[in-house]
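J.: Use these hints to put chain H onto chain A, whose structure you have.
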Amino acid sequence: MKKTIKLNFTLAALLLFIGTVSLMVGDVATSPAALVDWLAGVGSEFHVILFETIRAPRIVLAALTGFVLGLSGAAIQGFLRNPLAEPGILGASNGAALGAVMAIYLGLASTVSYWVPLAAAVMALASVAVLMAVAGVGASSLRLILAGFAVSAFAGAGIALALNLSPNYFAALEIAFWLLGAVENRSWLHVSLALPGAVFGCLLMLSTARSLNALALGEEVAQTLGLNLRNLRARIAIGLALAIGAVVSVTGVIGFVGLVAPHLVRPYCGHMPSRSLLPSALLGAILLVLADTAIRAIPTVMELKLGVLTAFFGVPLLLLLLRRPGTLGGEA
Amino acid sequence: MLELKNVSALTPDSTTQKSILHDISCRFEAGQITAIVGPNGAGKTTLLRAAAGLAPLSAGSIHLEGCNWKNRKTRARNLAYLSQFQNIAWPLSCRDVVALGLLPYGFRNDELVTAALARCHVTQFSDRPIDTLSGGERSRVFMARLLVANAPLLLLDEPTQSLDVAGALGLMHLLRGAADDGAAVGVVMHDLNLAFAFCDHVLLLQNGVLKAQGAPRDVFTPSQLEPIFDVEFDVMAVGDAQYLVPTM
Chain A
332 MKKTIKLNFT LAALLLFIGT VSLMVGDVAT SPAALVDWLA GVGSEFHVIL FETIRAPRIV
392 LAALTGFVLG LSGAAIQGFL RNPLAEPGIL GASNGAALGA VMAIYLGLAS TVSYWVPLAA
452 AVMALASVAV LMAVAGVGAS SLRLILAGFA VSAFAGAGIA LALNLSPNYF AALEIAFWLL
512 GAVENRSWLH VSLALPGAVF GCLLMLSTAR SLNALALGEE VAQTLGLNLR NLRARIAIGL
572 ALAIGAVVSV TGVIGFVGLV APHLVRPYCG HMPSRSLLPS ALLGAILLVL ADTAIRAIPT
632 VMELKLGVLT AFFGVPLLLL LLRRPGTLGG EA
Chain H
62 MLELKNVSAL TPDSTTQKSI LHDISCRFEA GQITAIVGPN GAGKTTLLRA AAGLAPLSAG
122 SIHLEGCNWK NRKTRARNLA YLSQFQNIAW PLSCRDVVAL GLLPYGFRND ELVTAALARC
182 HVTQFSDRPI DTLSGGERSR VFMARLLVAN APLLLLDEPT QSLDVAGALG LMHLLRGAAD
242 DGAAVGVVMH DLNLAFAFCD HVLLLQNGVL KAQGAPRDVF TPSQLEPIFD VEFDVMAVGD
302 AQYLVPTM
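The listed protein sequences derive, respectively, from chains A and H. Per my numbering, residue 332 is the first one in the first sequence, and the count goes up by one each step. Per my numbering, residue 62 is the first one in the second sequence, and the count goes up by one each step.
No lab work stands behind these hints, which were simulated from the structure alone. Certain hints may be false.
What the hints assert, rightly or not - Computed Cβ-Cβ distance ranges for the label pairs, DEER-style:
# : chain 1 : residue 1 : chain 2 : residue 2 : range
1 : A       : Leu494    : H       : Leu118    : 51 to 57 Å
2 : A       : Leu534    : H       : Thr135    : 38 to 44 Å
3 : H       : Asn129    : A       : Leu650    : 51 to 57 Å
4 : H       : Asp291    : A       : Val646    : 55 to 61 Å
Said to hold, decoys possible - Which chain A residues stay away from chain H? Per the calculated CB distances, all over 12 Å, these:
# : residue
5 : Ala343
6 : Asp358
7 : Val522
8 : Met633
Note that the structure is a prediction, hence the values are computed from the model and not measured. No residue lacks a Cβ here, since even glycine has one placed at the ideal position from N, Cα and C.
For reference, chain A alone in the conformation it holds in the complex:
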């Protein structure tokens, strides 16, 4: 227990440090002195705009998104007792993406800035409603996964249709770029749009910690330990949809963080599902802030998309993990 608390504090401190350093990275070079001045409230107008309006929201949003993805990954892997599960498995991720794509396709993105996140959040919730209606609240895990797969595939088909029927190349490009996932040009409005769903969804997932431990022994034994399986399934499905829907709605689809973060922390938490929830979330936040910082530090003509970078670094990391025996778990 003490080891886990220490790990959480270390990761939180690291996140704060990386987040602060990240404020100084970008096309416009800034000195630590300028940052200190801004933090003390005596910064120049230029630096206030740079830090407060441009960089801080995207860093906070990257941290929030990484936190949600890491936590969701740990929760869904613990729930399904499968180290290969990733947060989008129940369809909320693609559902949210379809909502955003529909808003872009209909030209709503250019009229009001929060149409895209709003449409995405609504569609994420709708996808869970469909999932629950098709599978039922008391559905088995297998039925839930298959129904999630169906919802996800249907949303994927909708996205493909929107791309197929897009009126011009620019519209198609806008949709494709949005799907790659990014935190650039995001404001505090985007953070505030994602925050309620993310917080409520995360709280729901964190409330399942003890149940996930019981589930490590199998569904049958877990029930004799007092676990209410129907209740747990509902909390996981709704929590995941709310949190993932909220962040995907403002950032787009970002892969691999939710899959990799739990694997990286699990050996340091004794593989116990409850103990790996918060560290996975904090590491997810660190990884995305690092990725966003790297994007700003890499000199490219066009800024790289966050989803592209996480996939490029996530895949080799996953392959490295696969080479380490016992890292993945699920083999006992």
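T.: Frame of chain A, contents of chain H only:
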């Protein structure tokens, strides 16, 4: 202690609902080991699952002395259950696996965990990941998980399967010890001689019907067993003990 009155249960599949247990009445007494025996498909596991509150009843009722058996939390605090499939999803340390037995009580007590590990002779594996142990060692750790909370009712589904002779004997001695300490123990078994040697009461099932129940000496007779298992048995006496030998 735990009493089943006229219990019937159906298959879980709603499309082909078929009766698995028919009108079964029996008791799992405190201080006794009750063996549930019978051929494959007799309904032994379903009876154990029904007793554990895992299989819904189509008729009858279950009562546990002094508590409401229908309440999920109360049941969890009075029962320790070992499934036939003892898989664990993650390579948890043995200490963590044993501590999971305390989940219904909402606290973690390291002294109880240490005592349970010692009782099952697995103290040396405390910090080892469970997936690095042999089958026999692993089953002792699962026993420690079962015994850690000193639950008044222990239900086990074929705990001696895949164990060697020493492992099976060691496990039965642990169950005997728990029963002697006052627990009611119900255990599904295929090894009739182990049941003969260690159990106080036997439930003999065939096709979901309780064909006989009583002391092992009364139930384990060739005339009771032969029509149920469709095998001929000889009874051999060695000292005070009796052994059932199927005719080859």
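J.: Does each hint fit the structure? Answer for all of them.
T.: Hint by hint, here is what the structure shows:
no.	hint	in the structure
1	A/Leu494 with H/Leu118: 51 to 57 Å	54 Å, holds
2	A/Leu534 with H/Thr135: 38 to 44 Å	28 Å, violated
3	H/Asn129 with A/Leu650: 51 to 57 Å	53 Å, holds
4	H/Asp291 with A/Val646: 55 to 61 Å	58 Å, holds
5	Ala343	24 Å, holds
6	Asp358	44 Å, holds
7	Val522	34 Å, holds
8	Met633	42 Å, holds
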